Amino acid sequence: MEFAGSHILSVHQFERTDVERIFAVADRMGPYARRRRVTRVLDGAILGSMFFEPSTRTRVSFGSAFNLLGGEVRETTGFENSAIAKGESLYDTARVLSGYSDVIAMRHPVAGSVAEFAAASRVPVINGGDGSNEHPSQALLDLYTIKSELAGRGRGIDRLRIAMVGDLRFGRTVHSLSKLLCLFERVQVTLVSPGELRMPGEIVEEMRRAGIEVIESDALEASISHVDIVYSTRIQEERFGTQAEADLYRGRYRLNQSIYTHHCEPNTVIMHPLPRDSRDHARELDDDLNDNPNLAIFRQTDNGMLVRMALFALTLDVVEQVDKHARDVNWYTAGRF
Amino acid sequence: MEFAGSHILSVHQFERTDVERIFAVADRMGPYARRRRVTRVLDGAILGSMFFEPSTRTRVSFGSAFNLLGGEVRETTGFENSAIAKGESLYDTARVLSGYSDVIAMRHPVAGSVAEFAAASRVPVINGGDGSNEHPSQALLDLYTIKSELAGRGRGIDRLRIAMVGDLRFGRTVHSLSKLLCLFERVQVTLVSPGELRMPGEIVEEMRRAGIEVIESDALEASISHVDIVYSTRIQEERFGTQAEADLYRGRYRLNQSIYTHHCEPNTVIMHPLPRDSRDHARELDDDLNDNPNLAIFRQTDNGMLVRMALFALTLDVVEQVDKHARDVNWYTAGRF
Amino acid sequence: MEFAGSHILSVHQFERTDVERIFAVADRMGPYARRRRVTRVLDGAILGSMFFEPSTRTRVSFGSAFNLLGGEVRETTGFENSAIAKGESLYDTARVLSGYSDVIAMRHPVAGSVAEFAAASRVPVINGGDGSNEHPSQALLDLYTIKSELAGRGRGIDRLRIAMVGDLRFGRTVHSLSKLLCLFERVQVTLVSPGELRMPGEIVEEMRRAGIEVIESDALEASISHVDIVYSTRIQEERFGTQAEADLYRGRYRLNQSIYTHHCEPNTVIMHPLPRDSRDHARELDDDLNDNPNLAIFRQTDNGMLVRMALFALTLDVVEQVDKHARDVNWYTAGRF
Chain H
1 MEFAGSHILS
11 VHQFERTDVE
21 RIFAVADRMG
31 PYARRRRVTR
41 VLDGAILGSM
51 FFEPSTRTRV
61 SFGSAFNLLG
71 GEVRETTGFE
81 NSAIAKGESL
91 YDTARVLSGY
101 SDVIAMRHPV
111 AGSVAEFAAA
121 SRVPVINGGD
131 GSNEHPSQAL
141 LDLYTIKSEL
151 AGRGRGIDRL
161 RIAMVGDLRF
171 GRTVHSLSKL
181 LCLFERVQVT
191 LVSPGELRMP
201 GEIVEEMRRA
211 GIEVIESDAL
221 EASISHVDIV
231 YSTRIQEERF
241 GTQAEADLYR
251 GRYRLNQSIY
261 THHCEPNTVI
271 MHPLPRDSRD
281 HARELDDDLN
291 DNPNLAIFRQ
301 TDNGMLVRMA
311 LFALTLDVVE
321 QVDKHARDVN
331 WYTAGRF
Chain W
1 MEFAGSHILS
11 VHQFERTDVE
21 RIFAVADRMG
31 PYARRRRVTR
41 VLDGAILGSM
51 FFEPSTRTRV
61 SFGSAFNLLG
71 GEVRETTGFE
81 NSAIAKGESL
91 YDTARVLSGY
101 SDVIAMRHPV
111 AGSVAEFAAA
121 SRVPVINGGD
131 GSNEHPSQAL
141 LDLYTIKSEL
151 AGRGRGIDRL
161 RIAMVGDLRF
171 GRTVHSLSKL
181 LCLFERVQVT
191 LVSPGELRMP
201 GEIVEEMRRA
211 GIEVIESDAL
221 EASISHVDIV
231 YSTRIQEERF
241 GTQAEADLYR
251 GRYRLNQSIY
261 THHCEPNTVI
271 MHPLPRDSRD
281 HARELDDDLN
291 DNPNLAIFRQ
301 TDNGMLVRMA
311 LFALTLDVVE
321 QVDKHARDVN
331 WYTAGRF
Chain F
1 MEFAGSHILS
11 VHQFERTDVE
21 RIFAVADRMG
31 PYARRRRVTR
41 VLDGAILGSM
51 FFEPSTRTRV
61 SFGSAFNLLG
71 GEVRETTGFE
81 NSAIAKGESL
91 YDTARVLSGY
101 SDVIAMRHPV
111 AGSVAEFAAA
121 SRVPVINGGD
131 GSNEHPSQAL
141 LDLYTIKSEL
151 AGRGRGIDRL
161 RIAMVGDLRF
171 GRTVHSLSKL
181 LCLFERVQVT
191 LVSPGELRMP
201 GEIVEEMRRA
211 GIEVIESDAL
221 EASISHVDIV
231 YSTRIQEERF
241 GTQAEADLYR
251 GRYRLNQSIY
261 THHCEPNTVI
271 MHPLPRDSRD
281 HARELDDDLN
291 DNPNLAIFRQ
301 TDNGMLVRMA
311 LFALTLDVVE
321 QVDKHARDVN
331 WYTAGRF
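Residue numbers (the working numbering), protein chains in the order written: chain H, 1 to 337; chain W, 1 to 337; chain F, 1 to 337.
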């Protein structure tokens, strides 16, 4: 695809070469995200950050990524008091607000609404999550993390063996990641969930059509013995009618250091889209894994910066200029990464 | 007036030459707002954005305008948890907060409170709307749009023929625009509203005293046949006691392409302060006007950037330095305007 | 202490030389805060501003201070919708969010939580208030103000005579200031409060152990006759069960110009952490003091900028570079200070 001026709305818009292009640019963002260098390539540019549904982590990650490229951020959060509540169409909102920035990152609770907004926007729009539909930058950062973690072992994403564990029905991130994996060769995906929280059938079908070997299971230990990645997820309690219903599933799959030691291969990487639920009745990833060097969950969020910087650099077409506007960092940065 | 260091509180503080000065500066902001050039003239300056009442559009417009001049924005929104709730006077709030910025843009639900705040502020304050009282930057951007739309026809604001339609009682923007029009010659204003929502008598009187020909009507079609501008407004439902009461008036005046074609002159410009109410029971400006090249509603909001940039440049006295701190834009900007 | 990379969590972490170092750096920030000069030393750096409890004044002060050094601010306010509500530990929150910024300023309603967060953070954390526990930057700006106000009289903090008046039980600022005063010589502290709102015994003990002469009283006039500073405080109504309970104490001690003239020494400095309660039933500092040149309450908040700039410059280790990245201000600044 041609990135300059494009919206980033869905993982389905990418071919394999597009993903590889994004990852190549993300690699080049490392020195800036790690504070070895500062670049001001987007000095003067404005990101419109519009989160019609709260998400501290994603919102701040987009904003900081834009700041790291030298740009400014104008934020809008919340929904109740907006013009939309006074009957304004998304078309009007998009026409107006896209006149105030150079690129927009947007989250919205209604599936499809970010694409509807983008259709009327005069600047590129990056989907930061539209309901249970899409969250492409999360899927990209997950896949980029898989690539990075396996690179040290001389492995690529082809032939990946991954177990996805937990709430696979409501967990948007595993849906998007599954779709992205369809672009790669000889992938094996093991889906571990309670029967009621299985991965939607159409996604399983999409994976199988793409040549992915899909195994479904409801047992944790047996499913994580021969995988490169265990991708754990939280029970999406906000999608259930009651806490009691969520409690039926919470705590069903708990990975801790003991289970890891007894069942996983020595270098199995542990991922999670975060937040992980650390309350006693949940603990899908126990705190005793925090010292395990294969716990990659915080490298994941760090990688989110690289991927989002790459998406901005690509849609605003400044990839080749990033290094030209760079200089040394002159403040304390020890211990940062 | 002398702009440097001045507050911008009311349209009444302007003489005609002041308005013309603001518009001349706004014209010079075009290349920056349209992303042909970037200026950093206010690099290091801080805008204190204080919206004690929500307004996404106005808040973001002020903030982005300041960013376009190179400055930073520190925002405060909401009211409930502020020091004011603990008994702090507006005087104290102003003394404190004006120490944190170089200029302030403020909205407040109580009429007169922005002026009270400004009296204690140590930096210039721009009124972003104080209850049903004043919203000078909106009136200026409306008038600037009128000027710009008519300029292509070799016309100025003198001899303007304009119809204001809808809720003229509670619509703050038509009040302020009416006052500004008093500065110009041989203007004709047609006021179209239900009897209960007529323009306040004192504003009608003010216009007549200034020499404006004012016609009042409750019929749409007959009133828009010989005007340069139709300025449509939303029913301000939040000012009514109940939705049922608002429903009495909502949908009363609906302008659509068919009515436009049959009743308006070929080049009549359509304006609206936005948001327009696009729900079925309202639709004061139908979506089928979206392809009409004379629909100027999004040019209005774009012009808001120019006017607000001009107000910042004037009150901070950097007009003549804007171009000296300019350089080319190095990111993707196609399709922006 | 070594400031570079350190957290600023408690006044107890400072020795006298540390306080003097902070104040010396704060002195050097004056030209930038007063807009004589602009520095861009932190151009490219990001402050993560995390206010899990609202505080307009402190939040904006930290943000503007960082902007004055050239850095960017990414803000998070509120608590309800955050990942923490989904069961995320402070450890996880800190690990994630500290990857998005170079330094963090944080307020949290729970005592000790900022320190817990800091323990997992990869960047320096500055405590902006953790419940009723600590608020070190406020204590520092109070003490810096005392130093500055007395400097013109050839006095230092040693031998200070200060009266603290009002709600000494719940007022966090007087607790922290008392602790800081323990670092100085021959200080005399008079505590004026209703019996029920006395300074906690352990803090009185700490002061006495440090050699401070502590006098307790419940009478205002007699206690302010021979002091350099009267430090007045608001009744912390939000800490009482009911407004009726707060009303028992509100308005008990009212300092106004008449009392000041009759009872204070001619140059006695009046301080207050703000907000002061200007409602009729409170008025601990009457508005008729506003023209008294010894009313230092707004110099206090201005000094907050200097002290917070100093804390950022020290923890990010750029003190010696601030002046190297400086240039003249090119916008209107008259009347600022």
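Hints are supplied without guarantee of correctness; some may be wrong.
To be verified - The calculated DSS-like cross-link candidates involving lysine-lysine, where the alpha carbons are at most 27 Å apart (straight line), are: (1) W:Lys179 x H:Lys324; (2) H:Lys147 x H:Lys179; (3) W:Lys179 x W:Lys147; (4) F:Lys147 x F:Lys179; (5) F:Lys147 x W:Lys324; (6) F:Lys324 x H:Lys324.
Please keep in mind that the hints were generated in silico from the structure rather than gathered at the bench. This structure is a prediction, so every number in the text was calculated from the model and none was measured.
Status of each hint after checking the structure:
{"no.": "1", "hint": "W:Lys179 x H:Lys324", "result": "violated, 52 Å"}
{"no.": "2", "hint": "H:Lys147 x H:Lys179", "result": "holds, 16 Å"}
{"no.": "3", "hint": "W:Lys179 x W:Lys147", "result": "holds, 16 Å"}
{"no.": "4", "hint": "F:Lys147 x F:Lys179", "result": "holds, 16 Å"}
{"no.": "5", "hint": "F:Lys147 x W:Lys324", "result": "violated, 42 Å"}
{"no.": "6", "hint": "F:Lys324 x H:Lys324", "result": "holds, 23 Å"}
When held up to the earlier numbered hints, the structure conflicts with 1, 5 and fits the remainder.
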